[in-house]
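Using the sequences and the hints, build the whole thing.
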Amino acid sequence: MTIISFLILFPFIAALILAFMRKGTPVRKYTLFACCALIVAGAVYFVVNSLSDGHTMSFLTETHTLDTVILIAEWGLAALVCYYSFRYRKYYCAALSLVQTGLITWLELGGHAEVLPAAHIFSDNLTIVMCLIIGIVGCLICVYAMGYMKDYKEHHTEFKDRRSFFFAMLFVFLGAMFGLVFSNNLTWIYFFWEITSICSFLLIGYNQTEEAIKNSFKALWMNLLGGLGFAIAIVYCMLELHVADLQSLVALASQPGSAAIVSIILLAFAGLTKSAQLPFSGWLLGAMVAPTPTSALLHSATMVKAGVYLLLRLSPALCGNLAGLMVTTIGGFTFFATSLLAISQSDAKKVLAYSTVSNLGLITACAGVGMYEAVWAGILLMIFHAVSKSLMFLSVGATENSLGSRNIEDMHGLIVKLPRLAYVMIIGIAGMFLAPFGMLISKWAALRAFVDSNSILLVVFLIFGSATTLFYWTKWLGTLVAVHHNSEPIKNITKKSEWFSLICHSVIMVALCVSFPLISVSLIEPFLEGMFHVTMPPIIGTGNVIIMIMMMCLIAILPIAARFLTLGKKNQVVMSYMGGANTGDDRSFTDSFGKPKRLYLANWYMTELFGEKKLLNVSLILSAAALVILTVMAIGGAV
Amino acid sequence: MKVSNSPWLLHYDGSSCNGCDIEVLACLTPVYDVERFGVINTGNPKHADIFLITGGINTQNKAVVEQIYSQMPSPKVVVAVGICACNGGIFKECYNILGGVDTVIPVDIYVPGCAARPQAIIDGVVKAVALLDEKKKKRDQKKAQGGSGNA
Amino acid sequence: MNWSVISMLLFIVLAPFAGGLLQGVDRKITARMQGRQGPPLLQPFYDLHKLFSKQSVVVNHLQDFLVCGFLVFIVFTGALFFWGGDLLLVFFALTLAEIFFIMSSCSANSPYSSMGAQRELMQAMAYEPMVLMVAIGFYMVTGSFGVSDIIGNSTPAIVWLPGIFAGFLYILTIKFRKSPFDLSTSHHAHQEMVRGLTTEISGNILGLVELSHWYENIFLLGVVALFLLDANWWSVPVAIAVCFGAYFLEILIDNVFPRVKWQSMLKSAWLVTLVAGVTNFMVLVLVK
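So the protein lines, in turn, are chains A, B and C. The opening residue of the first sequence carries number 0 in numbering that gives the first Met the number 0; numbering runs sequentially from there. The opening residue of the second sequence carries number 0 in numbering that gives the first Met the number 0; numbering runs sequentially from there. The opening residue of the third sequence carries number 0 in numbering that gives the first Met the number 0; numbering runs sequentially from there.
No lab work stands behind these hints: they were computed from the structure. Just so it is clear, CB atoms sit at the ideal spot from N, CA and C, and this is done for glycine as well. No incorrect hints appear here.
One-sided excerpt, in silico: chain C residues whose CB lies under 7 Å from chain A:
1. Val57
2. Asn59
3. Cys67
4. Gly68
5. Asp85
6. Leu88
7. Phe91
8. Ile98
9. Ile101
10. Asn108
11. Gln117
12. Glu127
13. Met281
14. Val284
Pasting the structure below:
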């Protein structure tokens with residue numbers, strides 16, 4: 000119990016300390032590192048403790064005082080939203096916030112419903128998984144942010160230096176996420192949910208440029224809309240169903256024909272907005288105006304993971320009904336459409352953003368199918384995605400600081416220019432889509448689950464989405480490994496703290512690939528047995544695990560195999576072929592006037608087929624229509 | 000098995016009048032079908048064993064011929080097809096012509112004619128193929144000697 | 000030693016010979032279709048021997064390493080398949096091999112091989128959905144992705160999967176690098192981008208690429224055979240006959256159709272996947 004309160008409250012305290020610390024002193028740096036170390040230690044201690052003491056526990060049934068505190072804090076959040084909304088004349092945000100906070104207050108103070116007492120704090124294996132993701136990946140991002148923001152400030156002198164605020168917000172975010180995963184009471188979850196919305200709003204608007212403010216408000220209204228859905232769901236639960244906690248709600252809704260499905264749909268809607276599914280993908284794409292650690296945090300360890308976490312929790316209630324159909328359709332379509340859109344992007348962060356939305360779509364679809372194999376795949380996807388996406392964002396950020404650009408085209412030949420960063424990035428990309436690394440195993444299980452559930456549409460989305468995913472990642476990979484002759488490494492200004500974070504990520508990534516069967520057996524399978532009340536057969540047979548480990552070994556011994564296969568021949572290095580007119584350095588050729596002409600090798604973006612102009616609006620309209628129609632059908636069917 | 004069983008050639012047109020080029024391509028047609036001997040017209044110096052040049056060398060293509068030759072992995076053979084490639088031919092006195100192919104790279108086989116007949120070209124290629132084996136043998140011997148020298 | 004291990008070892012040892020012979024047959028038939036006599040049947044082996052005895056010329060040292068990755072994973076793919084492994088994993092390993100190859104071309108950083116690499120990637124995007132559809136089709140019919148389970152069925156899978164079989168034959172043209180879909184590099188010498196993907200690969204490294212293609216072709220014909228194989232012994236000769244038929248069909252297509260633009264290839268391959276593959280899948284969902 001103590002450790003849980005520590006994990007929730009300590010990040011807030013750390014945030015307070017960092018907010019009032021003097022700028023630019025080494026003291027701040029070491030305080031931040033110490034706080035991160037404490038959080039990681041706490042998370043690990045909690046995990047070890049709960050694994051040895053049995054997997055599930057619940058606490059706190061009577062919490063009147065705490066409820067009051069939370070209610071007051073909620074009004075504080077509403078006041079904050081109102082302040083910013085009036086300052087920038089975005090009144091709709093204020094309206095959204097006031098309506099939902101009003102609803103909750105009315106419910107709490109009016110005493111309208113008799114609610115069965117239930118635990119407010121709850122922890123099981125999914126909590127443990129989330130706790131590890133938030134604690135370890137989140138803290139590594141914070142460590143990285145320390146070094147990164149220093150360079151960022153030097154590169155962008157035009158922005159005001161608000162680093163104390165920035166670091167404080169990162170920790171608030173972590174605290175809110177811990178709160179969210181440990182809470183079982185819906186009002187509590189809702190409270191932490193709102194904190195993450197507002198935190199992301201503040202972080203996205205960090206630079207205070209016009210674009211940053213516009214995008215931050217976009218994030219705010221979309222997430223508040225989801226929050227409104229959440230608030231209505233709570234009201235419905237309490238008034239109609241007399242439950243106030245997530246576990247009982249899901250148990251209730253899992254019975255066929257239950258009226259609880261209405262609140263499940265509303266909660267799923269909130270989950271879809273938070274995990275940036277189409278048509279709400281806009282806020283996550285806009286979020287990349289913020290400094291890279293923000294993007295890394297939003298995309299990997301926190302925020303969007305809150306959305307899919309909620310959906311995974313709801314998944315038993317989504318099996319085989321219209322609500323499930325709504326979630327799977329939106330998720331599957333998002334996976335497909337955004338991976339098409341990613342092909343036409345050359346901005347590395349934008350590709351990453353689309354790929355995040357796309358992968359979350361897959362997790363959402365897994366949750367919506369509601370079968371245990373699918374949920375298994377969803378949880379594994381979530382773990383692997385958190386680590387590899389965080390690694391990708393951090394390495395792109397470090398590359399941007401050294402290279403001065405984050406365009407993929409400029410990363411041409413990075414393996415010569417910034418070799419160490421290139422290797423780290425290759426590990427990240429391999430983790431995102433290549434066999435035998437993590438994501439692919441989960442995709443394998445997801446595909447099987449989709450076929451088992453006979454969802455034709457999902458299968459179609461998955462096979463085409465996989466093909467397009469292959470395209471945009473391999474394109475990037477190819478750009479990284481291009482070797483320019485006579486090109487020199489450029490100065491790598493990546494700080495030690497950044498390196499620490501990057502290397503930890505890479506090590507975790509590789510370790511996860513090797514140890515995922517262990518994670519599956521010790522964490523995920525017991526959790527699923529509890530969730531679906533079935534004894535499940537092993538999803539991946541031992542034979543297949545061995546095959547995957549063999550593939551890892553093959554990659555590891557490849558350098559030796561290469562020596563053997565090339566017969567130990569000494570290679571002679573020659574120029575590349577340009578019709579005999581190569582001027583000697585592979586960079587230019589002699590043109591018809593006898594003058595050297597620069598050569599530029601670009602990737603394919605195929606904007607006329609996959610461009611944003613062509614596809615974005617169509618997919619937004621299609622997904623919005625699907626969302627509205629399916630929601631109405633699902634609610635209409637239940638009422 | 001010998002290297003000569005699989006001669007892949009690269010056809011380069013220097014400053015020819017295209018007469019010889021047409022004859023070279025005629026060798027690939029069903030009437031002559033040089034693929035019978037395993038000959039493939041690769042169009043890529045990195046894959047080629049035989050460098051087949053028509054037309055003379057001028058100031059512009061000198062560097063190109065040298066570069067292409069340098070990109071071919073050894074053992075390699077150069078065949079000059081047509082009188083222009085052998086010594087400049089009818090264009091010899093032109094202001095921009097340097098002469099035959101042997102002014103820039105070592106030529107192994109000369110195939111005269113204006114234009115060279117397909118039969119002559121095939122004959123040249125067959126001779127070149129025999130030379131490939133010889134060069135390979137020489138290279139291996141040299142390697143063996145070098146190896147023993149080191150030991 | 001059981002049968003699965005033996006067939007895996009047979010694949011590793013014999014596939015290069017079978018693949019080379021098939022290519023020899025291909026060149027002979029192609030020549031005859033064009034009214035020529037054609038090279039000797041063993042010509043591909045002469046070529047390979049020559050390539051291995053040539054000097055090794057590369058553009059950089061990363062290139063040959065990545066090509067070795069291609070070969071190793073193609074062999075792994077085929078070995079896993081003939082061992083009776085999981086079909087989805089087999090296809091994932093195939094994709095990994097393909098990515099090694101594409102990366103090696105990208106690393107050369109030359110205009111022709113880069114263009115070839117982009118086109119190869121495009122081709123991979125075009126055929127990937129159909130390849131996954133094949134695995135899904137087998138799973139629907141037999142309830143398992145395992146190759147050994149699939150061939151243990153009492154009826155051949157093609158009875159249930161005619162659409163998916165047709166779709167697979169369509170993308171086989173892309174995989175065999177036959178016209179009209181030989182965009183990235185052709186198995187023939189004539190080529191619009193010099194040699195595309197393999198432009199900068201030469202000597203013994205090119206030999207490794209050739210060898211990998213032979214392994215790959217035998218593996219692909221193995222997938223064709225999988226549609227026909229069942230528990231009866233006579234399904235084996237039938238499957239082999241169908242493989243030859245499919246191979247002949249590809250040669251015929253190669254000689255009849257001119258090369259198309261990439262847009263047509265992508266759109267038609269996806270359309271075929273949707274029409275033949277997905278329709279077949281939908282029928283299976285309804286029937287099974």
